[in-house]
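Asks: What follows is each chain in one-letter form.
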Amino acid sequence: MKEWTFIAILLIVSAMLPTVPIMGGRLLGPRKPNEQKSSTYECGVETVGDTWVQFKVQYYIFALVFLVFDIELVFLYPWAVAYNRLPLFGVIAGVVFIITLAEALIYAWRKGALEWL
Amino acid sequence: MADIFTTIGSWLTGLFEGLGASPALAATILMVLGAAVLASAVLFILVFNIWFERKVMARFQDRIGPNRVGPWGIFQTVADLAKLFSKEIIIPGGADMMPFMMAPVIAVMSVILIWAVVPFTPNLIGTDVNIGALYFVAVSSLGVMAILMAGWSSNNKYALLGAFRAVAMLVSYEVPLVLTLMIPVLLTGSMRMNEIVAAQRIAYLFMMPLAGAIFWIASVAEVGRQPFDVLEGESEIVAGYHIEYSGFAFAMFYAAEWAHGFAICALMAVLFLGGWRGPGVEQIPTLGIVYFLLKTFLLYFFQVWTRAILPRIRIDHIMYFCWKFLVPLSLVLVVVTVLVDKTARSLIPGYMLTGSLIEMLPRAAVLLIVNVAVALLAIAWVAWLGRRERERAEAASVSIAPIESGATAQQAR
Numbered sequence: 001m002k003e004w005t006f007i008a009i010l011l012i013v014s015a016m017l018p019t020v021p022i023m024g025g026r027l028l029g030p031r032k033p034n035e036q037k038s039s040t041y042e043c044g045v046e047t048v049g050d051t052w053v054q055f056k057v058q059y060y061i062f063a064l065v066f067l068v069f070d071i072e073l074v075f076l077y078p079w080a081v082a083y084n085r086l087p088l089f090g091v092i093a094g095v096v097f098i099i100t101l102a103e104a105l106i107y108a109w110r111k112g113a114l115e116w117l
Numbered sequence: 001m002a003d004i005f006t007t008i009g010s011w012l013t014g015l016f017e018g019l020g021a022s023p024a025l026a027a028t029i030l031m032v033l034g035a036a037v038l039a040s041a042v043l044f045i046l047v048f049n050i051w052f053e054r055k056v057m058a059r060f061q062d063r064i065g066p067n068r069v070g071p072w073g074i075f076q077t078v079a080d081l082a083k084l085f086s087k088e089i090i091i092p093g094g095a096d097m098m099p100f101m102m103a104p105v106i107a108v109m110s111v112i113l114i115w116a117v118v119p120f121t122p123n124l125i126g127t128d129v130n131i132g133a134l135y136f137v138a139v140s141s142l143g144v145m146a147i148l149m150a151g152w153s154s155n156n157k158y159a160l161l162g163a164f165r166a167v168a169m170l171v172s173y174e175v176p177l178v179l180t181l182m183i184p185v186l187l188t189g190s191m192r193m194n195e196i197v198a199a200q201r202i203a204y205l206f207m208m209p210l211a212g213a214i215f216w217i218a219s220v221a222e223v224g225r226q227p228f229d230v231l232e233g234e235s236e237i238v239a240g241y242h243i244e245y246s247g248f249a250f251a252m253f254y255a256a257e258w259a260h261g262f263a264i265c266a267l268m269a270v271l272f273l274g275g276w277r278g279p280g281v282e283q284i285p286t287l288g289i290v291y292f293l294l295k296t297f298l299l300y301f302f303q304v305w306t307r308a309i310l311p312r313i314r315i316d317h318i319m320y321f322c323w324k325f326l327v328p329l330s331l332v333l334v335v336v337t338v339l340v341d342k343t344a345r346s347l348i349p350g351y352m353l354t355g356s357l358i359e360m361l362p363r364a365a366v367l368l369i370v371n372v373a374v375a376l377l378a379i380a381w382v383a384w385l386g387r388r389e390r391e392r393a394e395a396a397s398v399s400i401a402p403i404e405s406g407a408t409a410q411q412a413r
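Residue numbers (the working numbering), protein chains in the order written: chain A, 1 to 117; chain B, 1 to 413.
Just so you know, these hints were derived from the structure itself, not from any lab.
Backbone N, C-alpha and C define an ideal beta-carbon position, used for all residues, glycine too.
Just so you know, not all the hints are guaranteed correct.
Claimed, not checked - BS3-like, lysine-lysine: derived pairs with alpha carbons at most 25 Å apart:
{"id": "1", "chain 1": "A", "residue 1": "K32", "chain 2": "B", "residue 2": "K83"}
{"id": "2", "chain 1": "A", "residue 1": "K37", "chain 2": "B", "residue 2": "K55"}
{"id": "3", "chain 1": "A", "residue 1": "K56", "chain 2": "A", "residue 2": "K111"}
{"id": "4", "chain 1": "B", "residue 1": "K324", "chain 2": "A", "residue 2": "K111"}
{"id": "5", "chain 1": "A", "residue 1": "K37", "chain 2": "B", "residue 2": "K87"}
{"id": "6", "chain 1": "A", "residue 1": "K56", "chain 2": "B", "residue 2": "K87"}
{"id": "7", "chain 1": "B", "residue 1": "K55", "chain 2": "B", "residue 2": "K83"}
{"id": "8", "chain 1": "A", "residue 1": "K32", "chain 2": "B", "residue 2": "K87"}
Claimed, not checked - Label pairs and their calculated CB-CB ranges:
{"id": "9", "chain 1": "A", "residue 1": "R110", "chain 2": "B", "residue 2": "R68", "range": "55 to 61 Å"}
{"id": "10", "chain 1": "B", "residue 1": "A21", "chain 2": "A", "residue 2": "A104", "range": "40 to 46 Å"}
{"id": "11", "chain 1": "A", "residue 1": "E3", "chain 2": "B", "residue 2": "E17", "range": "35 to 41 Å"}
{"id": "12", "chain 1": "B", "residue 1": "F60", "chain 2": "A", "residue 2": "S38", "range": "34 to 40 Å"}
{"id": "13", "chain 1": "A", "residue 1": "E3", "chain 2": "B", "residue 2": "A373", "range": "36 to 42 Å"}
{"id": "14", "chain 1": "B", "residue 1": "I369", "chain 2": "A", "residue 2": "V68", "range": "31 to 37 Å"}
What the hints assert, rightly or not - From the derived model, a few chain A residues whose C-beta atoms are all more than 10 Å from chain B:
{"id": "15", "residue": "W4"}
{"id": "16", "residue": "E46"}
{"id": "17", "residue": "K111"}
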């Protein structure tokens with residue numbers, strides 16, 4: 001519990017540290033907004049259309065593949081910690097789990113989910 | 001085992017208790033002080049780091065670099081900060097105010113929080129939580145949130161593109177990063193950072209060089225440094241997600257990126273180079289921080305070096321390199337390592353998990369051979385794929401040639 005108290009304190013301190021100068025900059029710095037200044041930057045050209053457009057579906061697919069992997073990896077960590085004390089059978093069980101993970105990767109690969117274009 | 005920092009700590013505790021604080025209150029005050037010192041040290045060392053990076057980059061490009069403000073231009077960063085502080089923080093029209101202002105704060109926060117589990121000496125560590133390695137993964141992925149918030153709320157197409165790329169790339173490189181981070185955890189049998197360091201009588205980089213290399217590449221990509229800096233490629237999307245930021249809000253993004261770059265050097269030093277370990281640390285624990293900083297700065301120099309000499313890689317190549325090379329390779333590496341290590345333990349008599357340097361040598365040798373073999377096989381496989389591709393292309397071009405000559409023959413007829 002004592003260990004996590006430190007992290008909670010550090011969380012507060014590290015949130016304060018950037019907030020204070022940004023607030024200070026807002027208060028002390030100049031503040032003269034005008035139409036031109038607050039317009040969207042696009043290399044000097046007027047923006048056309050809406051910014052929040054539909055984006056490439058590929059970003060989504062990569063995120064999904066990642067999600068599968070990340071969750072499975074989290075499950076592997078307890079196994080990794082116990083590894084030194086595990087019998088050979090326990091290690092093989094872990095390996096089977098990793099092979100299942102690899103199978104998911106091969107499936108995604110063959111399905112073309114890893115193609116960017 | 002007296003340590004300067006432990007001495008200071010107990011002296012301060014004594015002081016607070018002498019002033020009438022209860023032991024619990026004194027411990028809390030000490031923690032608040034420690035957190036404040038740690039967090040500001042992370043940001044203060046940046047002043048030096050940014051100067052160091054600019055100077056080294058300049059030397060690589062045959063320039064002098066900053067040399068006007070202070071001796072060797074060392075106060076250049078301070079001058080830059082003072083300038084940024086006096087600038088207006090422009091909020092673009094149509095921006096989503098709350099995420100826009102929160103993003104730089106979260107970016108800095110995620111980096112400072114990483115340092116909570118970095119051991120500086122055997123006794124000096126923010127907090128030695130029992131899931132240190134997992135904590136690092138969790139906290140460092142918070143930075144992705146900051147980038148996404150900044151890109152989305154800026155109401156700018158470049159920022160949004162940068163944020164998309166950033167999220168796709170950072171999220172992908174997290175997989176090999178987490179997989180290879182597992183290897184020090186496997187070998188140590190603990191996620192406690194201090195135990196991982198203490199177990200490295202032989203630094204893990206010399207036992208598992210391939211794991212170290214994959215971890216390093218993946219963490220450079222996590223920071224978005226060259227050659228993986230498509231998320232802010234200034235020649236295509238100008239500055240990526242922080243394009244609409246100015247003044248100190250921008251400075252915070254800048255600081256977060258540089259501090260993250262330094263933090264991964266520290267983690268690489270802790271996980272693969274033996275952190276505070278070095279000759280004489282058992283007698284004088286304070287020396288640990290010297291070794292730790294030396295290793296970290298060596299790695300930081302290496303990072304600036306790669307930044308100076310490598311060009312930017314295209315986004316699809318980056319993704320392919322991660323998913324089709326690094327991820328399968330690290331999966332194979334983990335499987336082969338555990339199987340060989342477990343079998344060798346029952347077959348080879350003097351195979352020790354811990355012990356003195358000499359006793360550790362058989363295990364180190366076996367793991368080193370496994371690593372080098374896997375690395376060589378992977379390189380041979382990629383070379384074979386490349387050769388096959390090239391031969392196919394050549395065969396295709398050869399088969400076109402007769403048709404062309406046939407066509408010209410027909411025309412001639």
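Asks: Going through the earlier hints one by one, which of them does the structure break, listed in rising order?
Replies: The structure breaks hints 2, 6, 10, 11, 15; every other hint is satisfied.
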